[in-house]
Amino acid sequence: MENLWPEFVNYWVEAGPWKFLRVFWYFLIFEFTRYIILDYFVAGLFYLRRKDRRHAWEIARQKLFTENPLISIIIPGKNEGKHIFKLVKSLAEQTYQNFELIVVDDGSDDQTPIIGKNLEKRGLIDMFIRNEMRGGKASAANTALAFTKGKYIVHLDADCSFDRDAIENVVIPFYLDEKIGAVGGNVKVRNYQESLCARLQAIEYLKTVSVGRIITSYLGIYKIVSGAFGAFRPEILKAIGGWDIGPGLDGDITVKIRKSGYKIHFEPTAVCLTNAPAKFKVLTKQRLRWDKSIIRFRVRKHKDVYFPHANFNWLNFISLFENVFYNVVLDITWIIYTVDVVLHYWSLMGFIIPMNFVLYITVSYVQMLSVYLFSERRQEEKKLWNVLPLMTIYTGLYLRTVRTIAYFKEFVLKESYDDPWNPQKSSRMAKRFGL
Amino acid sequence: MLQVLHQTEGRRYIESQGLRFLFLSGVADYEAASVKDSDAIIIGEMDRMEISQLLNVIRRERDKSVYLKPIFSVHQNKLQNQEGFDGFTDLTSNESIAQVTQKILARIEKVNTSIVPHDYERQVLFKQMAFLYTRDLLLDPVSSRFSKIGYTFPFMDSLLSGGSSLELLKILNTGVEKGLLTARLRDRIHTCNNCHGNYINFREVCPKCSSVNIESKDLVHHFKCAHVDVIDSFKDGDELICPKCDNKLRHIGIDYDKPSTMHECHDCHHQFQESGMVAFCIDCGKEEDTANLLENEIRSHALTERGEHLVLNGWEEKVQEGGQEAKHLSPDLFKMMLNLEIQRATTETRSVFGRFEISEIIVSVLGEDGREQFQKEILGIIGSYIDRTDLVSTKSADEYLLLFHDKTLEEAREKCELIEHNLTKLIADNINAEQDLITGTVQPVVSDLRPQDLM
Chain A
1 MENLWPEFVN YWVEAGPWKF LRVFWYFLIF EFTRYIILDY FVAGLFYLRR
51 KDRRHAWEIA RQKLFTENPL ISIIIPGKNE GKHIFKLVKS LAEQTYQNFE
101 LIVVDDGSDD QTPIIGKNLE KRGLIDMFIR NEMRGGKASA ANTALAFTKG
151 KYIVHLDADC SFDRDAIENV VIPFYLDEKI GAVGGNVKVR NYQESLCARL
201 QAIEYLKTVS VGRIITSYLG IYKIVSGAFG AFRPEILKAI GGWDIGPGLD
251 GDITVKIRKS GYKIHFEPTA VCLTNAPAKF KVLTKQRLRW DKSIIRFRVR
301 KHKDVYFPHA NFNWLNFISL FENVFYNVVL DITWIIYTVD VVLHYWSLMG
351 FIIPMNFVLY ITVSYVQMLS VYLFSERRQE EKKLWNVLPL MTIYTGLYLR
401 TVRTIAYFKE FVLKESYDDP WNPQKSSRMA KRFGL
Chain Z
1001 MLQVLHQTEG RRYIESQGLR FLFLSGVADY EAASVKDSDA IIIGEMDRME
1051 ISQLLNVIRR ERDKSVYLKP IFSVHQNKLQ NQEGFDGFTD LTSNESIAQV
1101 TQKILARIEK VNTSIVPHDY ERQVLFKQMA FLYTRDLLLD PVSSRFSKIG
1151 YTFPFMDSLL SGGSSLELLK ILNTGVEKGL LTARLRDRIH TCNNCHGNYI
1201 NFREVCPKCS SVNIESKDLV HHFKCAHVDV IDSFKDGDEL ICPKCDNKLR
1251 HIGIDYDKPS TMHECHDCHH QFQESGMVAF CIDCGKEEDT ANLLENEIRS
1301 HALTERGEHL VLNGWEEKVQ EGGQEAKHLS PDLFKMMLNL EIQRATTETR
1351 SVFGRFEISE IIVSVLGEDG REQFQKEILG IIGSYIDRTD LVSTKSADEY
1401 LLLFHDKTLE EAREKCELIE HNLTKLIADN INAEQDLITG TVQPVVSDLR
1451 PQDLM
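These protein sequence lines map, in sequence, to chains A and Z. Residue numbers are given in the numbering used here: position 336 of the first sequence equals residue 336, and the series is strictly consecutive. Residue numbers are given in the numbering used here: position 225 of the second sequence equals residue 1225, and the series is strictly consecutive.
Since the hints were derived computationally from the structure, they do not count as laboratory data.
List of simulated lysine-lysine pairs, BS3-like, C-alpha gap at most 25 angstroms: (1) A:Lys-238 with Z:Lys-1217; (2) Z:Lys-1235 with A:Lys-149; (3) A:Lys-431 with Z:Lys-1258; (4) A:Lys-149 with Z:Lys-1208; (5) A:Lys-303 with A:Lys-263; (6) Z:Lys-1208 with A:Lys-89.
Using the sequences and the hints given, assemble the complete structure.
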């Protein structure tokens, strides 16, 4: 039987657990503990409490439909005209229909103003606001916020589409707990069949967004309501002054709401589909921007969360610490781990590298099993299983490299302030005031 | 040198350079015979209304030696242009008006009025053409707040009751279509589709409740904190303070900008960027969508060679639109033809009677001119689908009658269906309506029918 195992497996079986732990300490302490043990532990608790949750959900749903409040759906964006009609169609299919639709055109230089005005005239959107001068995503969202009348605000990206009950489901959590200040929707990749790049992101979204956020939300440390689909209480948004200059404004506003003393909830049944970048070049650009924002907002702007003060909150601390730890600290730790292994076990690299791959691929499948358990699109998502082995390279090498570059650029050069994603006039101010 | 020569039966005459000028100081002085006997007219001190009345009376006469008579004014002002005076005199010394008179009189002689058009509109056109010829003038519109369409056309205004109107433009247009007048665009006007008035107030209104009680406010974007709201929320006395971060906004373009404006309706509280626009007609009080206003071109005109030829040789009745109209009969004539067909049907059934009724919804939204144009278009379409021997008539824009000769009921029905299909398509392309817009029926012409039951 042993002859059938590859040589490197036989080696590790004979080397014993202590040596295994010494060599693969990074995987066993951080990755296996966090993404397998903790996830499955919480998933187990989540499963055990499903009846209570279902009961509370039904009551909350009844409350929503009895009250039938107006919901303000806001869609800020630039050059999004081509998506708006499809989005409006998608929203027309919603089970919850008492909503107003406010579209803000942030200085588009395409056909968006014509399309928007036309849709407004035809009564398909309630308000179309054209800002002649581009002010950036935050200013566009704040423009919409100023004109909302609804009891709840749902922020969407124009290129998204929604499950028929998505709006209903993203609002129901507000009736579960009055302390919930914002609800994040479950963003999944629509174009996963377009390319390998999109397919890998689809898996990543399922693991980190769909399941990852169920876990963090359950633990009370959920830290980012996606800009693509999230719901808010307007009184809180107005009290904290709405969105601040991005990039990464969705994570920033979530932290601001947390700091105001409200809970953030992730709702896996509020499903939104979006198009992920289909090419690695575009993805790299997107991820550099996202990763820089972790340094800018979680390390710099909201550093007060890490220090004791009158409003110190342990959950806020853990929420941000977990984020920074698993992204920034472990990124540095991984380099240390690599150096450690190279220096001490250079001769064993022929056994270490294949074993690492085995461990990470196995973990990928185990994680995917948890995705399978939670998902409402199981059959469809099975198509992704065949590219799972590549996730080790995608997350372990590609994303880690991009992340490291982004952290360096932001820590040393503060490059996020030069990102053309924001207009210069705003970035200049943000840089000047260290925002 | 002008001299007052004598006063006969209360009328004053002035002679100069061998010409006799009739001096009129009021409408009461006017008498066609005395105008005919004089070479020109001088209009004395009068108010505007009286001048207009006098000119109307002179220019509406049928005799070319009266209506084309040179007319001078003792005032030199804008009125001179508007009313089409031939010149100005201060009654003391001016030989130039005598020269002008001689030139005009020589040209009047050449005008051939032995053949004049029968219908009123063409008579007006002919008179205008004769005026242009005798004065060697360009017909230039003059802006005027007293005119219903905002412009007056010298001379021609006096020919039509009510002065310049769309009717006048239509007559001039006929002249252009027939190649008698040239046309050069000077302006475009919008008139009420009810009364054709140009005195229109364009109102910005709330697109939801149509109230004029709306207010526009700038939006302010503070760069530093990305806060955006209407300017009122930033105002603190004379200063602008950001309500989100309490910072003072000092410099537009550096600290803040104004990306757009928003309107708010104070009646229904609707907020919007694009206000609605309605046109309120001051004359008749009708409020309507600006898209429903009639757009017309104001053009200057000159006589073409053909026009001059007509003035010199008399009106030819051949100056007519030909073609399709031959099939279009007046209702009376159609009734007569139908009666004949009914009588013929005592021996055999040879003809089929058809009728198209167009929904009132369509017709009611059109103004008077619009209805006329619509009627013409529909007749044109029907005319293009029927045979030369078939006849069509209409009494109103919503009803069209057909008489198919020597056709079976089936053949006539096929024709009608084809016409109905094309008319429906044409109307549906222009009007958004869900119900049936056109109803077509056919029936054989039999001996016991009575024309009055069908029409």
